[in-house]
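**Student:** Here is what each chain is made of, one letter per residue.
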Amino acid sequence: MGEPDVIKEDLAQQLYGLVERIFPFPRSITGNGVRQTLREIQRLLPALVIHEVPSGTRAFDWVVPDEWNIRDAYVLDETGTRVIDWRKNNLHVVSYSTPVDAEMSLRELDQHLHSLPDQPEAIPYVTSYYERRWGFCVAHNQRTRLKDCRYRVVIDSRLEPGSLTYGELIIPGEEPSEILLSTYTCHPSLANDNVSGLAVTTFLARGLLEQPRRRHTYRFVFVPETIGAITYLSRNLAEMKRHVIAGFAVTCVGDDRSYSFLSSRKGDSLADRVALHVLKHLHPDFVQYTYQDRGSDERQYCAPGVDLPVASVMRSKYGAYPEYHSSLDDLSLVTPAGLQGSYDVLRRCMECIEANEYLRVTVLCEPQLGRRGLYPTLSNNHPGHQVRELRNLIACCDGTRTLLGIADKLNLPMWDLIPLAETLKGHGLLVASGPHSRKDI
Amino acid sequence: MGEPDVIKEDLAQQLYGLVERIFPFPRSITGNGVRQTLREIQRLLPALVIHEVPSGTRAFDWVVPDEWNIRDAYVLDETGTRVIDWRKNNLHVVSYSTPVDAEMSLRELDQHLHSLPDQPEAIPYVTSYYERRWGFCVAHNQRTRLKDCRYRVVIDSRLEPGSLTYGELIIPGEEPSEILLSTYTCHPSLANDNVSGLAVTTFLARGLLEQPRRRHTYRFVFVPETIGAITYLSRNLAEMKRHVIAGFAVTCVGDDRSYSFLSSRKGDSLADRVALHVLKHLHPDFVQYTYQDRGSDERQYCAPGVDLPVASVMRSKYGAYPEYHSSLDDLSLVTPAGLQGSYDVLRRCMECIEANEYLRVTVLCEPQLGRRGLYPTLSNNHPGHQVRELRNLIACCDGTRTLLGIADKLNLPMWDLIPLAETLKGHGLLVASGPHSRKDI
Amino acid sequence: MGEPDVIKEDLAQQLYGLVERIFPFPRSITGNGVRQTLREIQRLLPALVIHEVPSGTRAFDWVVPDEWNIRDAYVLDETGTRVIDWRKNNLHVVSYSTPVDAEMSLRELDQHLHSLPDQPEAIPYVTSYYERRWGFCVAHNQRTRLKDCRYRVVIDSRLEPGSLTYGELIIPGEEPSEILLSTYTCHPSLANDNVSGLAVTTFLARGLLEQPRRRHTYRFVFVPETIGAITYLSRNLAEMKRHVIAGFAVTCVGDDRSYSFLSSRKGDSLADRVALHVLKHLHPDFVQYTYQDRGSDERQYCAPGVDLPVASVMRSKYGAYPEYHSSLDDLSLVTPAGLQGSYDVLRRCMECIEANEYLRVTVLCEPQLGRRGLYPTLSNNHPGHQVRELRNLIACCDGTRTLLGIADKLNLPMWDLIPLAETLKGHGLLVASGPHSRKDI
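Chains as they are written, first to last, in this note's numbering: chain B, 1 to 441; chain E, 1 to 441; chain U, 1 to 441.
In short, the hints are calculated from the structure, not lab data. Each hint should be verified, as a subset may be incorrect.
Claimed, not checked - Using 20 Å as the maximum straight-line C-alpha spacing, the simulated SDA-like pairs for lysine to any residue come out as follows:
#1 U/Lys266 x B/Leu410
#2 U/Lys241 x B/Thr362
#3 U/Lys409 x E/Gln288
#4 E/Lys409 x B/Gly305
#5 B/Lys266 x E/Gln288
#6 U/Lys88 x U/Arg152
#7 U/Lys266 x B/Leu404
#8 U/Lys425 x E/Gly305
#9 B/Lys266 x E/Gly305
#10 E/Lys241 x U/Leu364
#11 B/Lys425 x U/Glu239
Unchecked claim - Which bits of chain E does chain U cover? Going by a derived footprint, with three or more residues having C-beta under 8 Å, they are:
#12 30-44
#13 303-313
#14 348-356
All residues carry an ideal CB built from backbone N, CA and C; glycine is no exception.
Just chain B, with the same shape it has in the complex:
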């Protein structure tokens, strides 16, 4: 927040550096690519706990699937040349492809190929988690140039009982109330979606660990999308429903073209209100989506009966940028400034939640600000902008509004009011007004 620019630049570079390191790992919803990713994150967050959930474990309406690992995959032409080579880009193999080692004609092979005619240079990202099949993904231009010959097709994968891996970090605060940050680990070499989310979430956790105090507890969750979030919820739902007051699904936070907001299902949670507040003041041209545009783990966190207050702040939203789910979503799409911008917005969200409380003025009628040096003593010395804000803040502190609500009413960024509230508290003119329902904070 208040870091000098030098350090900020450094943070932007650190964010991008982490993106570069974990971009190449062959992630899927299970397997060693996820473990490798979490171990890299653990180097920055040593307290991260890595959990393994055995295949076959039930999770609400779902079952943890077999674990998938891949060592190599390629297609050889008649000359023995690797015309498709997984080692060059792990998007080349349909995720969860069953093993294959066979010779076949182009015609047979083509039935297992996926490409994007409208983006002929892009390799698409395709998965088949719950139906056993195999396939390769290629640029459409490459596909149409394949010779009509015999090919040897090899996918050296294993799909067998193992476990689903996820990371979890609880950073305790002074109160049991929790802020949830969840990001997904299952997408392979796709930079904005969602290596960016892994990097931003990691550094948000680091930032919080460096803070001298935290009012709330923070729950960081690194899970494979959908099945991972469902599995995590099946193990932690009761506790989360008791404690989580706001949450953010961190995804697509790496490019620098726009800011996006996607609401929680109910749309009026603290997470929604604080994210809208921060975006309105920092990036008023942000794109606002509704819950009907959802597509990531808010689908689970906000599902009926789960009902956690989870919203998303993004840069270019999944599904809404042309490089989405293809090899064009690469390291050139994500920028240090893009990552830093997302980090800053989410930090502001947390700063606001930390400072949010019901406030009540301690005296009846207006306090005499002049004798406390907070107001000019000569009537024609016009009280400045800040004195006006101070008096408006006092007028709003009737115990029925939080500081966030007051900031929204006064149409001021909450971070302008936080130091004023501290000054008035120091003079004994304001006090926190409780207790209120934790949900209303």
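With chain B fixed as given, assemble chains E and U onto it according to the hints.
**Tutor:** Same frame as chain B, now just chains E and U:
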């Protein structure tokens, strides 16, 4: 709803045929014209019960008036020619005219004549139910051409204790909750206002009788306007307040120029919401009126303390079309297509009310649609429009909304969601969520 | 309200006459100028009670300051000429200036001068109530023309323990519920701000005293701004919280350029609703301010914990006209018509509050208006505008709305509905529907 077009054409013709048959009967708020009309309807609805309420019966602030019948009425000129002849058009006599048989000058006669200078070819429709007088209604052009001579004036009417006649048909459903359909029988040869309402209401009852099952009970009421509705309410109010969840005043449903909606007094009843929903999706250019524009029996059904949830779906609303309350509102104004359109809208309203219920998803987090064949197994096979609707439907089924509320939230016609809800219920993924207040359904 | 024009003209002149009489008195937050003003008002309101509160008395966060009086003040040049003379305009001395009698250079003197470079002919209005200093206010053109010579500077003032003076008039009504009218007495020769308020408030009290009956009790308060309102509240808050249902801070009600409305803190009190209703119908082009634009005693009346329902109806609002707080706010700015317009709006507000009550129709269904002579007996005699209003009024009287709420719903001035409601009450068709919370009236 799902009838083939051939049958639909047939229905439109049947509707128009009934209009033609009952158009000529000399109706008023009491008397044999009403009885003749109800007997004709009884041929299509044999279970219709015809009630007689004696003159002098108290009904809230009102008293059932004497019964009025008319056999003939005319004005003879010096030559014995019928210059005004009730047999040619029953609008020629002011309804509830006292008997007269007298000779008089043109000047005397003219004081009893009513015409429309702005519509010089139209015979106006005039009544004097509660003040004893007599009068004739004529085209203004005819009035100005009357010779200055002696006339013989005859109205062969009787106005004496008798009874007020109304029809009632209760079609039982599986539940005691009721849908009210009320239409008025007192207007003589006026086609849109309201022979059309009699025809559409009659065939709505026939349609419901042909259904294999009905969740709700249906109460069809054919009454003279105002005094009839008040009399009916004075006999049935307690029961109706207990059971009626939605009602429609059926009036002016025969021309094909526009659709109109007039809200209930409170404006947010199930009848209002469902009618607005149906019109928004079927005829989005409908004209929306408020309760301040009211003019028919919603005045009684929605009166303070009565408070029944009654709205109106109309074609050209009473008072809002040039032919209103004159001989121009004749059989050429009403069309088979106009009647059919009203019938279809009201049928959709009933279909929506029948299918409306609170819904709740049975699993936590999203259900796994793929293993039920409801979702593609390969990630790049884009889920179609219907899969998106299915998932949005599930996300809305948290037990706090009815299917109508969900359809409004998703901005989809409820009839698109009904089969999806049935599919999900078949898979055990959705259940009705009750009990809720009957009023909220 | 219903006065003939002759008397109205007379009232406008009386209002302006009072303004002329009290304009010259040397008012401040304490001292004899205030007493002189209240005695002049007492000539019109003999029942006005004048209270004295000793210096040093605590009032919430404040203390009543020493009393300030001034007999003379001037600046003599070398020739003995009064180049600044308080007797010419009492704005020439900074209010609460400490005594001084000294010779000094222009340079020394200039450090005690205040002027307005942008309005070089205007003498500014400056106060220093809580910091001891002295000063003179002059037109900027005069200031720049002062010769560089020795000056003798005299302020013959006393600032010593005494008392704060305020006036209070309680006009009893049939009910203990109260309407508060508060205006401030501390501004010296400034006509719109706020000699106008003193005059309009005085004549509003006279008007109410002349009424044969008053439903509510009226509390008139003439206090120095801020410290006076705080002192008054510290003595009367409990009683006022129990009884006050609406209040108005009367200020800047004398010019004739515009009407302004400033809401209470919560914005939805009876005072807000009635003032908006009256302005909307009488002066729809009024300027609407929010509580954030506040600046007078609503700051105290509406403070958190005080929470009285006080709004302001003004002409040109303090701070929003160029002559504000300078010698340009003189008798030429205020007009008889300007004062009368404010008086009329506030009278209408009181008329509406007096007539406001929950209403309920006594019969089920529509009453039969025809037999009571309230509705035409022949159907083609179109019921007029008033009959339509009568029926709409009846349809709204369900016991859940007050007459003000009904008027707003029907978008009619409440004074059109008051006689209709009286007529219906006379026929036994409407009754007041209570009891409701006093606050909701």
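**Student:** So, for every hint listed, does it hold in this structure?
**Tutor:** Structure-based check of all given hints:
no. : hint                : in the structure
1   : U/Lys266 x B/Leu410 : 14 Å, holds
2   : U/Lys241 x B/Thr362 : 18 Å, holds
3   : U/Lys409 x E/Gln288 : 17 Å, holds
4   : E/Lys409 x B/Gly305 : 19 Å, holds
5   : B/Lys266 x E/Gln288 : 30 Å, violated
6   : U/Lys88 x U/Arg152  : 18 Å, holds
7   : U/Lys266 x B/Leu404 : 18 Å, holds
8   : U/Lys425 x E/Gly305 : 18 Å, holds
9   : B/Lys266 x E/Gly305 : 36 Å, violated
10  : E/Lys241 x U/Leu364 : 13 Å, holds
11  : B/Lys425 x U/Glu239 : 30 Å, violated
12  : 30-44               : violated (count 0)
13  : 303-313             : holds (count 5)
14  : 348-356             : violated (count 0)
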